[in-house]
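**Q** Counting along the sequence shown from 1, when you hit position 170 you're at 170 in full-length UniProt numbering, and nothing is skipped either side.
Just so you know, these hints were derived from the structure itself, not from any lab.
Quick caveat: nothing in here was measured; it's all calculated off a predicted structure.
Cβ coordinates follow ideal geometry from the N, Cα and C atoms, glycine included.
Be a bit skeptical, because a hint or two may be false.
[Unchecked claim] Below, in silico cross-link-like pairs of lysine to aspartate or glutamate (DMTMM-like), each with a Cα-Cα straight-line distance of 25 Å or less:
#, residue 1, residue 2
1, 572, 519
2, 61, 118
3, 73, 427
[Unchecked claim] The calculated label-pair distances, taken between Cβ atoms and stated as ranges, are:
#, residue 1, residue 2, range
4, 498, 520, 20 to 30 Å
5, 516, 565, 33 to 43 Å
6, 212, 587, 54 to 64 Å
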Amino acid sequence: MAGGTITRIALGGSSTSVEGNFTGFYDKLEMNAGENNAFKARVTNFGKPEKTPKAGKYFIKGWWTNHRDEPIKRAIYGQVLRFHIEMDKEYAKPGDVVYFSLYDSDMRSFGNDMIKADDPIALEHKDGSRRAYTFEKINDELKVIIEFSTTDTLEHWSKQLDQDRIFELYFRCSYVNRGETEHVELPYNFQDYLNLGAIVIDRYKMPGLKPDGSDIADDMTYGTGHPYKKPVYSSGTLDQYKKEYAVSGFDMNNHSIFANKESEIIDLEGVVVTASRPAQESKPQNNLNVSASQPADHTRVHHPDYPAPEKISDQQKQKDKKNEKAIYSRNEIEDLGWLMGITSGADSERALWFDFRAMSQGLLSRGKLNDNIALMISKMQRNEGGVFENQKLTDAILENPATLSYLQKVEDYITEQLKSKLAKLEEVEDKEPYFAVGKDGKIDHLSNKTKGKRTKQFRSPAFTWKENWNVLRGETIALNDIWATEIILKEVRFTGDDYTAKYEVTLWDHFGLDKPDMEKFYSYGAGFRAWFVLQHLWGYKPFLTKMNFTRELKGNLNMGAAERAAQRDQAKKEAEEQNRQIMLEALSGPKF
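Put together the whole structure using the sequences plus the hints.
**A** Shown next as structure tokens:
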């Protein structure tokens with residue numbers, strides 16, 4: 001410390017007064033504030049010193065590189081990593097030994113981290129002996145180079161260390177010179193620690209939310225014809241979901257409400273809303289006080305004096321829950337056409353479920369996806385919400401031409417990023433989801449509040465009614481257009497400039513219908529009308545559908561999107577020429 005005075009009052013308050021300049025250097029500095037923390041200055045400079053001080057008496061500095069010796073601050077599992085240490089030439093000698101241990105810093109830990117201290121990570125010799133890798137000799141250039149590779153098995157451990165599942169790596173180093181031992185942590189600045197972990201390549205919209213992320217998606221709503229409130233989700237709830245999703249994606253333990261898997265038991269203040277099942281006529285019971293201003297639907301408002309709220313059964317409270325996510329009234333639904341009027345007046349669930357199953361199994365789902373659709377309908381009939389996953393559906397989606405075209409664009413993007421930004425992988429990471437931005441409900445483009453307008457050439461695969469392939473195989477009724485996507489680069493293993501990458505794709509959709517669906521030709525199908533009525537008049541919950549798979553990609557650091565496209569064009573021309581030759585030989589006939 002240089003210059004000025006500091007006055008500290010332990011209780012009641014504190015003040016710091018500095019006259020002139022104040023400069024401080026610390027090995028470690030911890031500062032904690034309670035509810036308020038204020039700092040005021042005419043000019044403030046926060047960041048690295050203009051010149052990084054020596055790390056110690058014997059150590060000058062340490063820095064991370066990739067296998068090309070390019071300085072880096074971000075890495076992915078599978079990479080060969082190198083840590084360089086420069087020693088002071090006045091003291092160090094070639095052949096001397098420097099001892100080291102790799103650590104994950106917890107300086108930027110989250111509140112839910114299981115482990116709060118910096119965590120050691122054991123290294124093994126790359127010769128396959130599995131001996132502990134704890135020291136290296138100083139070379140003729142008075143430097144130490146520590147080289148090791150990482151695996152995606154570290155990712156499972158990272159879930160216990162950091163909520164964001166990213167390692168912040170540094171070394172603790174020791175050196176003995178003339179009987180004096182020095183211990184340092186390298187790199188010197190925390191900003192130069194290496195961030196290691198899987199990289200989010202893209203997030204397109206979010207499961208359970210509208211295209212612009214402003215509230216619940218319309219096709220995830222349900223009720224008994226009595227809209228409860230708008231918006232359904234508060235701004236605080238949405239902000240927390242978006243923040244957590246950007247860190248670690250969808251987590252059923254924290255985000256179940258967005259999959260309609262929330263708790264069924266609620267207590268409403270002042271009134272208890274009871275949703276009865278639709279019937280041809282609705283007559284108030286004599287022993288109930290019914291408000292005359294209540295809309296004409298199938299919902300009655302019971303005053304809490306009879307029956308007493310604490311005596312209401314759990315089954316009754318489950319019924320009360322059904323309209324918290326309702327957005328359509330009975331009148332709105334009946335206005336969708338005379339056929340919908342007939343369906344909405346049905347007083348039997350059994351007939352509606354029969355129509356729903358008959359449509360899906362008889363016309364729109366044949367072959368290996370028949371059982372899948374039956375399972376999805378059964379899940380909706382159990383009225384449990386949540387997430388549906390099925391390997392048969394995932395396999396069918398992977399075989400679909402729309403998916404294969406989508407994945408080709410994804411791989412072009414990944415290879416281009418590895419070619420141009422291998423040493424700047426932090427610029428590749430794109431955690432925050434892109435949302436639709438438009439006017440009058442029309443999507444102009446997708447944007448990210450920190451990165452602006454989306455320029456990527458892929459969004460999501462679509463399985464439309466226009467393709468008989470999808471209708472007859474069942475992808476359309478199970479998914480229609482994919483609602484949200486997530487792409488994560490998990491691992492890249494190098495052999496020179498050649499590499500093998502693994503990336504994970506998660507596709508999300510909603511198994512539910514909204515008014516725009518019914519305003520199309522869907523309303524002419526009895527099965528679709530039954531589905532819509534079961535969801536929006538009988539209170540059956542839609543749910544999320546999830547497809548998750550990992551793909552392998554082989555490439556070279558000298559090949560990006562343009563080179564891959566040229567390679568495909570060349571292969572296409574060669575195949576066309578080969579087919580032309582075969583056709584010419586066939587037309588020329590046999591030769592005698």
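**Q** Hint by hint, say whether it matches the structure.
**A** Here's how the hints hold up against the structure:
Note on residue 572 and residue 519: the hinted pairing is violated, with a Cα-Cα distance of about 42 Å set against a maximum of 25 Å. For the hint pairing residue 61 with residue 118, the CA-to-CA distance comes to about 21 Å; that is within 25 Å, so the pair holds. Among the hinted pairs, residue 73 with residue 427 is consistent with the structure: their alpha-carbon atoms are about 11 Å apart, no more than 25 Å. At roughly 49 Å, the beta-carbon separation of residue 498 and residue 520 lies outside the given 20 to 30 Å, and the hint is violated.
At roughly 36 Å, the beta carbons of residue 516 and residue 565 sit within the given window of 33 to 43 Å. In this structure the supplied range 54 to 64 Å holds for residue 212 paired with residue 587, their Cβ-Cβ distance being about 58 Å.
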